[in-house]
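Place chains B and C on chain A using the hints.
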Amino acid sequence: MLSFLVRRVLQTIPIVLAVAFLIFVLFSVIPGTFASSLSDDGRSIMDPAVVERMTKELGLNDPVAVRFGRYVLQLAQLDLGTSFRTRQPVTQVLAERTGPTLQLCFAAMAFAIIIGVPLGFIAALKPGGMVDTISMVTAVSGLSVPKFWLGLILMYLFALKLGWLPSFGYGGDPRYLVLPAVALGVAPLALLARTTRAAVLEIMNADFVRTARSKGMSEGRVVRWHLARNALVIVLTTVGLQFGSVIGQAVVVEKLFSWPGLGSLLVDSVTLRDIPVVQGAILLIVLFFLFTNTIVDVLCALIDPRIKYS
Amino acid sequence: MSSAPLLEVENLRIDLAVGGNRFAAVENVSFSIGRGETYGLVGESGCGKSITALGLIGLLRPPLSFGGGTIRFDGREIQNLPPAAMRAMRGKRIAMIFQEPMTALNPVSPVGRQIAEMFVLHEGVSWREAERRAVEALASVRVPAPERRVKDYPHQLSGGMRQRVMIAIALACNPDLLLADEPTTALDVTVQAEILDLIRDLSAAKGTAVLMISHDLGLIANMCRRVGVMYAGRIVEERVAEEVFRAPSHPYTSGLVASLPLLGARSRQGRHRLKEISGVVPPVTAFPEGCRFNPRCQRATDICRVNDPAITPLRNGGVRCHHHE
Amino acid sequence: MRFRANLVIGGALFATVVIAGLLAPWLAHTDPVLDADLMYAEEPPGSAYWFGTDAQGRDIYSRVLYGARISLTVGIVSQLINTVIGVCLGLSAGYWGGWWDDVVNGLTNLMLAIPSLVFALAIMAILSPGLTSLLIALGLTNWSFTCRLARAATLSLKSQGYVQAAKVLGYGDLRIMATQLLPNMLGPIIVIGTLGMGSAILAEAALSFLGLGIRPPFPSWGSMLSDARDQITTAPWISIFPGLAIFATVLGLNLLGDGLRDILDPQARSRRA
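Protein chains in written order, with our numbering: chain A, 448 to 757; chain B, 7 to 331; chain C, 1004 to 1276.
Think of the hints as simulated: they come from the structure by calculation, not from any bench. Positions of the beta carbon are idealized from the N, C-alpha and C atoms, including for glycine. Honestly, I wouldn't trust all of these hints.
[Said to hold, decoys possible] Some chain A residues well away from chain B (every beta-carbon gap over 10 angstroms; in silico):
1. F468
2. F474
3. D526
4. G528
5. Q539
6. L607
7. G610
8. M664
9. S692
10. N740
11. T741
[To be verified] Derived list of chain B stretches under chain A, where covered just means 3 residues or more per stretch with a C-beta under 8 angstroms from a C-beta of chain A:
12. 97-107
13. 110-122
14. 231-243
Just chain A, same shape as in the assembly (with noise of 0.2 angstroms):
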């Protein structure tokens, strides 16, 4: 067991490495993007003296590989620059952005856990019966709906019409995760309710639960002892990639809802040109990713066996 998590830990550096390189191609290298960036922050025109300055200091001439290299150092001391609006050290820009961002993603995981896997299983039951039909028409309807329409739909209808709850904002009250953990949930709902229905469906028809079944074991016995495990392992695999879906989408409905998290961060650095943040905001959201998908890994191997001889 522990050597497949190290396995795994092992296989996910050069994933990171290939990430920062990536990174580091598409804004400093490309010409134009830093220094330009510099000067160009739209609120004045910098003096060419002191743009030439800057460039030397942040050593923008040195051949790439240099470049690189330097990154590369800074990021393994966890330094990654000085935003350019906010003269802060990156690090501290994310850091106070994480917090909100963990929140509005788990929270969305979980409702849409909470409430995609049962339905899926209970549609699974009765195929073609009431409830699987109109579970998996929404489920589509959910995948199809773009989530900051339905962020605007839910705020008017909740939050101006109803006055149930604040249009927007980001307090310590739970009431503002609501809106925005729903919206950014719906999507993983709808694909967790398919997958766990078919899952199930496949699993119900398998030959070792008709092994089960001939020993005399109740429904709920078979579902418990042994359906559960091998639907759970789909089911978590699914959990894991809608995650970093979850992560990715989170942009836009933070923008929304005017959530002060990553997403934004990343929206606003761009907009702003704000290379540093962009790249560490970036860089610190595949990590997320990333790390979801080894735990993830790692809880399926504990679960099925197989998994950690492949």
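For chains B and C alone, kept in the frame of chain A given last:
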């Protein structure tokens, strides 16, 4: 041995729903098995033998369904039992082993636990006690080092081992009847013999009756006292094993026996090709009119194409043919 | 026969949107960009303005119609780019194997590690906003699944008899890939392509909503919704219709994709997710 048969099946019918219609996949099937007796059901793929077994143990699922007839087990009619009552019988009085041991075992559960489940389910013992007895069960099916094997997962075992685990599970609670659906078909030839010996020895020791299902006539003749030959959902001949070989009565049985490759037969009889039965098994949705075997039968005459023959009783059995020998 | 319903309803929805887009110049009442009458700003839906007007006094109905052109263009073209990239990389990786396969696998893993919207955002950050940049950005984000699929299909088809036969006959590698391998994996590729178009349209809408895609005053459904947010208390109808259009289009594509999957990829039917 008590003389009342353990299992009596009369005019069993099992339906298959295709499109919006129901077709009788198995029809007019009647046979009986005595206590401790090993009865064989033989026929080509698609003749309905597996479905019959599933019907006996009450595991028919859509699109298959019970279509009529009587199943009497130990004197009691069980075809219409409420699900809970039927469930109580499964595993405890009637057990089943299947063809594909790899897929028939739960891949994420250790085999010891899958055997132990039987004891917890039917005898209400604690898990600890059940796991201990699982080790004994593994030993009884001749698995070496059972105390270590108990923790293994199915994918870590060979095909033969997995089938032994299946047998251990099935016989754990000493059922009266074991339904064995092609238990060796998916195994290597060398392992087949071992598994069959195991089944024979255990059923003899415990007095378990066995319904042995196979398409292998030789295997059936070896293991079973009486044999039922199935074709297109019907039993077309029922005889004592030696007589099936020595003097097959139904043309289909003759064809099956003749197609067995015997060492030296070709040189002795001057034949160069294996003898086959021409044609293919008809699909459930399109059984021929009259006798179902008539399109492939060399003895077929007009009456065969029109009249579905009833069973003619013979010494030690019966046959369903207008032109039986 | 639920899967037939998928095809019919999905196809009908999608076809409606396509027709609306194609016939926009004739069906629209006004010019979507230029006709702006501030006198009639924020009018609710009525007989003159079927969907109402927005804050600049533009007719929403006409803008939605023209918006179909943008969304469909983005969806179709970017997905086409994705498919081409994915098939080329996957086919060649599966066929030739070796170091090229390793490179492609590494690239695919890299792409799968970055959430697609984030990646598209990053690319749009470098390129200036506009249709072409959007096509490039979206065209580069979604090829991983097609690549994996093409690679897996190639690996399993590679050892088939007819491929070996073609080799013996002296067919060149490219010819084999194009004539023997590609046609046999079209089914699943079409399915992924259809579903991918839906994702692309959603992504374009999201990016435009954020101000990083199609910029106003062009009538992208996404940017229309971005304007709508500020008017939500006074003119909620501005929010409804563009979003509804996105929903209908993507729903149509998803249903169509599901329906096609049932026909073209029957193995996946039981594992439908």
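Against the structure, the hints come out as follows:
The claim that A/F468 lies off the interface holds: its Cβ sits roughly 39 angstroms from the closest Cβ of chain B, which is beyond the 10 angstroms cut-off. Non-interface status of A/F474 relative to chain B is upheld: no Cβ of that chain comes within 10 angstroms, the nearest being about 45 angstroms off. Non-interface status of A/D526 relative to chain B is upheld: no Cβ of that chain comes within 10 angstroms, the nearest being about 45 angstroms off. At roughly 47 angstroms from the closest C-beta of chain B, the C-beta of A/G528 stays outside 10 angstroms, upholding its exclusion from the interface.
Every C-beta of chain B lies more than 10 angstroms from that of A/Q539, the closest at about 46 angstroms, which supports listing it as non-interface. The beta carbon of A/L607 is kept farther than 10 angstroms from every beta carbon of chain B, the shortest such distance being approximately 49 angstroms. Under the 10 angstroms C-beta cut-off, the non-interface status given to A/G610 relative to chain B holds; the minimum distance is some 49 angstroms. The Cβ of A/M664 sits about 6 angstroms from the closest Cβ of chain B, inside the 10 angstroms cut-off, so the non-interface label is violated.
The non-interface label for A/S692 is consistent with chain B: the shortest C-beta to C-beta separation is roughly 27 angstroms, beyond 10 angstroms. No beta-carbon of chain B comes within 10 angstroms of the beta-carbon of A/N740; the shortest separation is about 21 angstroms. A cut-off of 10 angstroms between C-beta atoms confirms that A/T741 is not in contact with chain B; the least separation is 21 angstroms. Check result for the region 97-107 of chain B against chain A: holds, 6 residues qualifying (beta carbon to beta carbon below 8 angstroms, three or more required).
As drawn, the region 110-122 of chain B meets chain A at 6 residues by the rule of a beta-carbon pair under 8 angstroms; at three or more, the given contact holds. Against chain A, the region 231-243 of chain B contributes 0 residues with a C-beta closer than 8 angstroms to a partner C-beta. That does not satisfy the three-residue criterion, and the hint is violated.
Of the numbered hints given earlier, the model fails hints 8, 14; all others are met.
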